[in-house]
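Engineer: So you can see what is in the structure, the chains are spelled out below.
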Amino acid sequence: MPRWMRGLVGLVGFLALWELVSRTGLVRREFLPPPSEVGARLGELVASDAAFRADVLATLLAWLIAIGLATAIAVPVGLVLGQVEFLRRATQTLVEFLRPIPSVALIPLAVVLLGSGPSSKISLAVYASVWPILFNTVYALGEIEPQRIEAARSFGLKRMAVLRRVALPSAAPFVMTGIRLSAAIALIVVVTTELLTGGQGGGLGQFITIARSGGGAMDVVLAGALTAGIIGYVVNFGLERAQRQWLGWSEEVGR
Amino acid sequence: MAAGPEVTSDALRKEGAATPMLRVSGLAHRYGDDPGVAAAIEDVSFEIGAGELVCIVGPSGCGKSTLLRAIAGLHEPTSGDVVLHGDRVKGVPDDLAVVFQDYSRSLFPWLSVEKNVAFPLRSRVGRAERRARVAEALADVGLEGQGAKYPWQLSGGMQQRVSIARALAYRPALMLMDEPFASVDAQTRADLEDLVRRVRSEHGMTVLLVTHDIDESVYLSDRVLVLSKSPARVVRTLPVDLPAERDQITTRGSAQFVELRTEVARLLKH
Ligand SMILES: Nc1ncnc2c1ncn2[C@@H]1O[C@H](COP(=O)(O)OP(=O)(O)OP(=O)(O)O)[C@@H](O)[C@H]1O
Ligand SMILES: [Mg+2]
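Chains as they are written, first to last, in this note's numbering: chain B, 258 to 512; chain A, 11 to 280.
Read the hints as simulated data drawn from the structure, not as lab findings.
Only a predicted model underlies this, so the values are computations on that prediction, with no experimental measurement involved.
For each residue, glycine too, the CB sits at the ideal point set by N, CA and C.
Misleading hints may appear alongside valid ones.
Stated by the list, open to error - Listed next, the in silico BS3-like pairs over lysine-lysine satisfying Cα-Cα at most 27 Å (straight line):
#1 B/Lys415 <-> A/Lys279
#2 A/Lys239 <-> A/Lys279
#3 A/Lys159 <-> A/Lys125
#4 A/Lys125 <-> B/Lys415
Claimed, not checked - Only some residues are given here: those of chain B computed to face chain A with a beta carbon under 8 Å:
#5 Gly399
#6 Glu400
#7 Ile401
#8 Glu402
#9 Arg405
#10 Phe412
#11 Arg421
#12 Thr434
#13 Phe494
#14 Gly495
#15 Leu496
#16 Glu497
#17 Ala499
#18 Gln502
Given these sequences and hints, build the entire structure.
Structural biologist: This is how it looks when you write it as structure tokens:
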């Protein structure tokens, strides 16, 4: 059985179980509508609800900006920390302190500082998703095959050239894994912030809040949640494909 | 010393020999800062003239790779000097290439074979020249048509030849080779030995080559440097006065060759 088929079997099984639980009344149907209803509702929303589409777009956009910013911050900082042991040691405690702070706990601060527009959710998502990329970059630099660096140096490459032409490509697979982890985190934070800041700002989270407050519209709420799941899956799939395509050598070499 | 007009080219050559291309004096290397750790090499001294091909033989673990790394400026020796073209080596000198013993780890797995060979040439020679040199070097080591593959798609012996091709394409003044033929079959090995002899006379390269094969050290070189057990010192430098034109079958069969290899083997027993 090919891989994609195995994956499909799991998915179909899950949906069947959900449908069963809901239709047999094991869980009250207005709390947990069956996937067939949720799917139909999602189709409707996509086809004919411009506001829904705008919300999805707002979330997507905020998310992409957040991942882009997190990468643009974490990779250079990681490269510096990975190279300069003094700075790495000096910042270690700070990093270990900042990292476990749930970004959701910073929502009030962000709203006060940045308002409830998109800059709040983007900033919080950046905050949460910087860490995996940063850690993977620092780790990757420590794991580079020393013989590779020596080979480059023996051909007269100076520090910056070694960094650009050897260290960076060597680290790329780890960095990419970090970006994939961060992408999932950033999506969660964006939607959560939209959900909790309620009312303004738009986005999938806000759509869900409004649907819930409308009362009893669980199929709409779940359609919103499902949308987030689908977006996350598609993007991870794309990133994974890109990683295999461009950085496939790392699987062959083992690092 | 005043060099008058009466100085002949012969005298110049002699003077050239007096200031060798590479001079290693009192070189010692100890890994780490702990003085309790035994030195990897201890007091190694020798000289190599421009265009010479010198082989280094020595017991496994005696410090041959450590010595080459110090000459290449990849690590600072604990004491002693490496002088290249009259300048003390600090950092990697220009115009030098190394074929590493651990060849597979010295290749870049994200680059094709072709790009690996071209790697040191980027920003040094133009595109057309680069392409020509890469093609020539790959053909020289018998890897024509393999350029688009990736190193990890090749056998160990083929990877080793890629790393040789990379150093050849660079055309350095000084080539350091650390057991460069260890993973190839006997016929390829013979071909590569002849290649190294040909290329160094074609390009006037100076070659310092580590090998554990006694016959190879005699066949290849102008001189054999025999190192002691760890920590390495120079036991003896043996001139190889075989004719410059060498042949895998007749040279290796000659009485002089057999005598020399016996001498190297005897020195290694010490
Ligand atoms: N990076 C290192 N750190 C610590 N010790 C090392 C390191 N590299 C080599 N050594 C030690 O230095 C000594 C000499 O090693 P070296 O690799 O130079 O020997 P070699 O003559 O090249 O051996 P071989 O013939 O097996 O290639 C050995 O005892 C080895 O354990
Ligand atoms: Mg060695």
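Engineer: All hints, please: hold or fail.
Structural biologist: Structure-based check of all given hints:
1. B/Lys415 <-> A/Lys279: Given that 27 Å is the threshold and the Cα spacing comes to 42 Å, the pair is violated.
2. A/Lys239 <-> A/Lys279: Holds: A/Lys239 and A/Lys279 sit about 9 Å apart, inside 27 Å.
3. A/Lys159 <-> A/Lys125: 10 Å, holds
4. A/Lys125 <-> B/Lys415: Since the Cα atoms of A/Lys125 and B/Lys415 sit roughly 19 Å apart, the hinted pair holds (cutoff 27 Å).
5. Gly399: With a minimum Cβ separation of about 16 Å from chain A (threshold 8 Å), the hint on B/Gly399 is violated.
6. Glu400: 13 Å, violated
7. Ile401: Hint on B/Ile401: violated, closest Cβ of chain A at ~11 Å, above 8 Å.
8. Glu402: 5 Å, holds
9. Arg405: Hint on B/Arg405: holds, closest Cβ of chain A at ~6 Å, below 8 Å.
10. Phe412: 4 Å, holds
11. Arg421: With Cβ-Cβ at 11 Å, over 8 Å, it is violated.
12. Thr434: 15 Å, violated
13. Phe494: 23 Å, violated
14. Gly495: 21 Å, violated
15. Leu496: Because about 18 Å separates B/Leu496 from the closest Cβ in chain A, which is outside the 8 Å limit, the hint is violated.
16. Glu497: 18 Å, violated
17. Ala499: Violated - the Cβ of B/Ala499 stays beyond 8 Å from chain A, reaching only about 14 Å at its closest.
18. Gln502: 12 Å, violated
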